[in-house]
Amino acid sequence: MKFGLFVLLTQILSASAAVVTVTVTAFQLNGVKCFCIQDGSVQCTGAVLPSPTPSPFDKCVKDHDGKSEFQLNGVKCFCIQDGSVQCTGAVLPSPTPSPPTPFEKCVKDHDGKSTFKINGVMCGCIVDGSVQCTGAVPPSPTPSPFDKCVKDHDGKSEFQLNGVKCFCIQDGSVQCTGVPLPTPSPFDKCVKDHDGKSEFQLNGVKCFCIQDGSVQCTGAVPPTPSPFDKCVQDHDGKSTFKINGVMCGCIVDGSVQCTGAIKPQ
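Residue numbers -17 to -1, 1 to 248, in mature numbering (1 follows the signal peptide of the UniProt record, and there is no 0), belong to the letters of the sequence shown in order.
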């Protein structure tokens, strides 16, 4: 009997010693503290662990898109350990732009497009800056007989031949009234010579036709504009402008210079 009690007591003490020596491994799942137990399962505390308070430096970095160095109004700044921001005080120099590559220049010369059409044919810029097209440029459509007649008479469907009123008809031929038009009076001729207006401006001065066909102006006609001024006037008052997408400008002698080749129509 005593021997049996001794064996039972020894087993209980051995089991107790095994429980005491269990090693617990702790970790987090979704912010909750968990640990493995003896049977291999996982037990969690059930409460979400509080997020650690970020240091002032970490908060400064977070407030500036995760960067410890950044720019404010073009000035180089950085976070320091107490969370405040220090700046160099000098405005950073703007980087010098690199010249465009031949390909980029080609794209710019074609309104910012790398592919485009020339006379209905698909074309594109290639690496060396030249233009390649998918096929031969198709010929311009043949104008109708009526359109050709209009084109042959300065774009007008009605006109005069030897003082007789004439006009183009659909088959491209010309029909005339057969009766010579009356000779216009000097006044009417003056009006016609000034785009059908009896009052107009010459070099910024108000002028008008009088009955004898001559022109009277309200004041002295200013001197003829310089070649440069005339070039600006001919381009809607602008000294720089675009022709077929290419930047151009007036120069002192009145001629026009462009930055690149003008695209064909």
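Because the hints were derived from the structure by calculation, they are not lab data. Possibly wrong hints are sitting among the right ones.
Taking lysine to aspartate or glutamate pairs in the EDC-like style, the calculated list, with each CA pair at most 16 angstroms apart, reads [claimed, not checked]:
hint, residue 1, residue 2
1, 88, 111
2, 42, 65
3, 134, 111
4, 91, 65
5, 139, 195
6, 172, 182
7, 172, 154
8, 42, 52
9, 225, 94
10, 131, 154
11, 189, 178
12, 45, 22
13, 59, 48
14, 131, 141
15, 148, 137
16, 175, 154
17, 213, 236
Distance ranges between label pairs, derived from CB positions [said to hold, decoys possible]:
hint, residue 1, residue 2, range
18, 116, 230, 50 to 60 angstroms
19, 230, 198, 34 to 44 angstroms
20, 103, 127, 12 to 22 angstroms
We put the CB at the ideal spot given by N, CA and C, even for glycine.
The hints, checked one at a time:
no.: 1; hint: 88 - 111; in the structure: holds (10 angstroms)
no.: 2; hint: 42 - 65; in the structure: holds (10 angstroms)
no.: 3; hint: 134 - 111; in the structure: violated (40 angstroms)
no.: 4; hint: 91 - 65; in the structure: violated (49 angstroms)
no.: 5; hint: 139 - 195; in the structure: violated (29 angstroms)
no.: 6; hint: 172 - 182; in the structure: holds (13 angstroms)
no.: 7; hint: 172 - 154; in the structure: violated (32 angstroms)
no.: 8; hint: 42 - 52; in the structure: holds (13 angstroms)
no.: 9; hint: 225 - 94; in the structure: holds (10 angstroms)
no.: 10; hint: 131 - 154; in the structure: holds (10 angstroms)
no.: 11; hint: 189 - 178; in the structure: holds (15 angstroms)
no.: 12; hint: 45 - 22; in the structure: violated (43 angstroms)
no.: 13; hint: 59 - 48; in the structure: holds (15 angstroms)
no.: 14; hint: 131 - 141; in the structure: holds (13 angstroms)
no.: 15; hint: 148 - 137; in the structure: holds (15 angstroms)
no.: 16; hint: 175 - 154; in the structure: violated (30 angstroms)
no.: 17; hint: 213 - 236; in the structure: holds (10 angstroms)
no.: 18; hint: 116 - 230: 50 to 60 angstroms; in the structure: violated (24 angstroms)
no.: 19; hint: 230 - 198: 34 to 44 angstroms; in the structure: holds (39 angstroms)
no.: 20; hint: 103 - 127: 12 to 22 angstroms; in the structure: holds (19 angstroms)
Violation of the numbered hints given earlier is confined to hints 3, 4, 5, 7, 12, 16 and 18; the remaining hints are satisfied by the structure.
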